[in-house]
Amino acid sequence: MDNRRLSVAREDVQDDRMKTFIFKGEGHTLGNALRTIILKNSNVIFCGYTIPHPSENKLHLRIETKNIPAVDALREGLEQLQNLSDHILKTFEGAVNEYKQNQMEV
Amino acid sequence: MSKSNIKYSSSKDFIDESRNELVLTEFEVLNAEATDFPGNHHGYDDTWSFEKFKKKLKIKIVRIDNMEMEFDLIGVDPAIPNAFRRILLSDIPTMAFDKVFMFNNTSIIQDEVLAHRLGLIPLKADPRMFEFRAADDDVGTKEDTLEFELKVKCTWNPERNLKEHINPEHMYRDFRVLTSNLKWIPMGNQNSSHTSESVGPVDDKILIAKMRPGHELDIKLHAVKGTGRDHAKFSPVATAFYRLLPQVKLLKEVEGEAAQRLQQCFSPGVIDLIESDHGKKVAKVNDARYDICSRNVFRHEDLKEDTVKLTRARDHFIFYIESTGALTPEVLFTEAAKILSQKCRLFLDELKSGL
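Taken in order, these protein sequences are the chains called A and B. For the first sequence, position 6 matches number 6 in UniProt numbering, and the numbering has no gaps at all. For the second sequence, position 217 matches number 217 in UniProt numbering, and the numbering has no gaps at all.
The set of hints was computed from the structure by calculation and includes no laboratory data. One thing to keep in mind: the hints can contain errors.
Below, in silico cross-link-like pairs of lysine to aspartate or glutamate (EDC-like), each with a Cα-Cα straight-line distance of 16 Å or less [to be verified]:
hint	chain 1	residue 1	chain 2	residue 2
1	A	LYS24	B	ASP349
2	B	LYS352	A	GLU76
3	B	LYS58	A	GLU98
4	B	LYS60	A	GLU93
5	A	LYS90	B	ASP72
6	A	LYS40	B	GLU51
7	A	LYS100	B	GLU70
8	B	LYS352	A	GLU79
9	A	LYS40	B	ASP36
10	B	LYS338	A	GLU93
11	B	LYS338	A	GLU79
12	B	LYS58	A	ASP86
13	A	LYS90	B	GLU335
14	A	LYS90	B	GLU51
15	A	LYS40	A	GLU79
16	B	LYS55	A	ASP86
17	B	LYS58	A	GLU93
18	B	LYS352	A	ASP72
19	B	LYS54	A	ASP86
20	A	LYS100	B	GLU68
21	B	LYS338	A	ASP72
22	A	LYS100	B	ASP203
23	B	LYS249	B	GLU17
Derived list of chain B stretches under chain A, where covered just means 3 residues or more per stretch with a C-beta under 8 Å from a C-beta of chain A [to be verified]:
hint	region
24	40–51
25	55–62
26	154–162
27	315–324
All C-beta atoms, glycine included, are put in the ideal place defined by N, C-alpha and C.
Turn these sequences into a full structure, and let the hints steer you where they fit.
Below, the structure is given as structure tokens:
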């Protein structure tokens with residue numbers, strides 16, 4: 001249980017559509033990228049992130065949605081970000097190979 | 001709203017510009033914040049679609065050599081290149097000296113300062129071939145540690161003559177301790193998978209200390225795997241940064257002396273002077289890519305109104321990676337992309353097993 005890095009913040013109002021997720025050991029790197037991509041979901045009303053205290057290695061990501069559970073928006077965002085970075089990797093490797101081939105010919 | 005005097009033919013032009021270009025005016029930069037989210041602009045579809053992204057994304061390599069590369073990353077949100085930049089700086093591991101066992105140090109450089117200097121020496125060892133070492137481990141194994149030895153003793157040159165007494169090269173032997181003095185000691189069968197050429201310092205001529213006769217160093221070092229998040233010495237890049245593509249548009253013809261002044265306002269090669277039909281020099285934009293975006297034009301009263309428009313493309317990132325030598329820059333970027341993907345997968349797996 002202790003090595004889990006993702007949890008949900010406790011809140012007074014229980015609503016699946018509004019949740020704050022706590023990422024242990026993450027920061028602006030994942031936070032900002034994830035926030036941007038979740039905001040592109042038209043079901044999402046609000047998404048924002050904060051690092052509550054600089055000496056605590058934690059990221060708080062809040063999602064509020066229209067009609068889907070906030071967890072689903074988070075899952076979708078993570079999947080989209082993963083696909084995006086895999087695609088960038090593929091495109092980059094292709095571009096590097098092409099560049100190196102051109103260099104060889106010259 | 002904005003203090004600029006830029007005129008738009010329609011509100012659509014205005015919105016298009018705010019979505020595509022950063023405008024540099026005399027005293028402010030317009031459109032700095034991203035607004036392309038669903039619901040913000042009527043008539044635009046900003047919802048995320050992987051197919052749309054695939055079509056938009058372009059990567060163009062400009063140059064690659066062993067230590068540096070420059071490439072264009074086109075069609076992404078600023079958060080993405082920034083994530084890659086941050087991963088390059090602090091999440092990709094490299095090997096660096098982390099434990100220094102000082103048996104003898106009679107040089108004038110103090111133990112802790114010397115240890116710190118040694119830590120900063122970039123090593124060629126490929127971090128992907130090693131494991132992270134446990135924090136409480138002082139011994140290390142062949143999977144997670146590279147052992148080095150630094151034994152140097154400075155002596156008088158027996159053939160010295162006093163006429164040349166101000167020339168240390170002539171007077172002393174081994175008075176400069178360089179990275180070439182570091183000797184790799186293979187642990188276990190490390191010999192079979194590594195050579196001292198493949199794990200040693202990136203450069204042989206890095207000065208570690210200067211000594212005088214009688215001074216001596218006898219040191220054992222352990223290089224371990226770590227990330228820049230823990231200590232900057234583990235960072236695999238000297239720098240990794242990006243900037244937006246600058247664009248310069250001339251709105252009217254500038255000729256003669258004014259054209260020359262205009263050329264002076266930009267980096268070399270940005271503005272060309274072309275001979276016109278009636279024998280006057282006319283300014284023409286050649287290539288704005290390497291402009292430093294100084295906004296010097298706005299210091300000239302006659303050039304600042306309706307003459308040039310300085311903008312930067314919002315989604316065109318010129319990305320630079322300067323490696324420290326352990327991994328080549330193109331490998332560094334692929335590693336960064338893999339790490340971002342891994343981060344996502346890790347949390348997706350946790351979501352799968354329920355919160």
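Now the hints, each set against the structure:
1. Straight-line distance between C-alpha atoms of LYS24/A and ASP349/B comes to about 15 Å, which keeps the hinted pair within the 16 Å bound.
2. In summary, the hint linking LYS352/B to GLU76/A is supported, as the alpha carbons are separated by about 12 Å, within the 16 Å threshold.
3. Between LYS58/B and GLU98/A the alpha-carbon distance is near 13 Å, which keeps this suggested pair within the 16 Å criterion.
4. Simply put, LYS60/B and GLU93/A have alpha-carbon atoms about 11 Å apart, close enough for the 16 Å limit, and the pair holds.
5. With a C-alpha separation of about 15 Å, the suggested pairing of LYS90/A with ASP72/B holds against the 16 Å cut-off.
6. For the hint linking LYS40/A to GLU51/B, the alpha-carbon distance of about 14 Å falls within 16 Å, and the restraint holds.
7. Our distance criterion of 16 Å between C-alpha atoms is met by LYS100/A and GLU70/B, whose separation comes to about 14 Å.
8. This hinted pair checks out: LYS352/B and GLU79/A have alpha carbons roughly 12 Å apart, not beyond 16 Å.
9. Of the supplied pair hints, the one linking LYS40/A and ASP36/B holds, its CA atoms being roughly 8 Å apart against a limit of 16 Å.
10. Under the criterion of a C-alpha separation no larger than 16 Å, the hint pairing LYS338/B with GLU93/A is consistent with the structure, at around 12 Å.
11. Distance check on the hinted pair: LYS338/B and GLU79/A sit about 14 Å apart at the alpha-carbon level, within 16 Å; holds.
12. Proximity of LYS58/B to ASP86/A is assessed by CA-CA distance (about 14 Å); at most 16 Å being required, the pair is judged to hold.
13. In summary, the hint linking LYS90/A to GLU335/B is supported, as the alpha carbons are separated by about 12 Å, within the 16 Å threshold.
14. At roughly 15 Å between alpha-carbon atoms, LYS90/A and GLU51/B fall within 16 Å of each other, so this suggested pair holds.
15. Only pairs whose Cα atoms come within 16 Å are accepted, and LYS40/A paired with GLU79/A is accepted, the gap being roughly 13 Å.
16. With a C-alpha separation of about 15 Å, the suggested pairing of LYS55/B with ASP86/A holds against the 16 Å cut-off.
17. Taking the CA atoms of LYS58/B and GLU93/A, the gap is about 12 Å. The hint holds against a cut of 16 Å.
18. For the suggested pair LYS352/B and ASP72/A, the alpha carbons sit about 11 Å apart, so the restraint of at most 16 Å is met.
19. Among the hinted pairs, LYS54/B with ASP86/A is consistent with the structure: their alpha-carbon atoms are about 11 Å apart, no more than 16 Å.
20. For a cut-off of 16 Å, the pair hint linking LYS100/A to GLU68/B stands: about 14 Å separates their Cα positions.
21. A distance of roughly 24 Å separates the Cα atoms of LYS338/B and ASP72/A; the hinted pair therefore is violated under the 16 Å criterion.
22. Of the supplied pair hints, the one linking LYS100/A and ASP203/B is violated, its CA atoms being roughly 25 Å apart against a limit of 16 Å.
23. In summary, the hint linking LYS249/B to GLU17/B is supported, as the alpha carbons are separated by about 14 Å, within the 16 Å threshold.
24. With 4 residues having a beta carbon nearer than 8 Å to a beta carbon of chain A, the region 40–51 of chain B meets the requirement of three or more and the stated coverage holds.
25. Coverage of the region 55–62 of chain B by chain A holds [criterion: at least 3 residues with CB-CB distance below 8 Å; count 5].
26. Only when three residues or more bring their CB closer than 8 Å to a CB of chain A does the claim for the region 154–162 of chain B stand; here the count is 0, and the claim is violated.
27. With 0 residues having a beta carbon nearer than 8 Å to a beta carbon of chain A, the region 315–324 of chain B misses the requirement of three or more and the stated coverage is violated.
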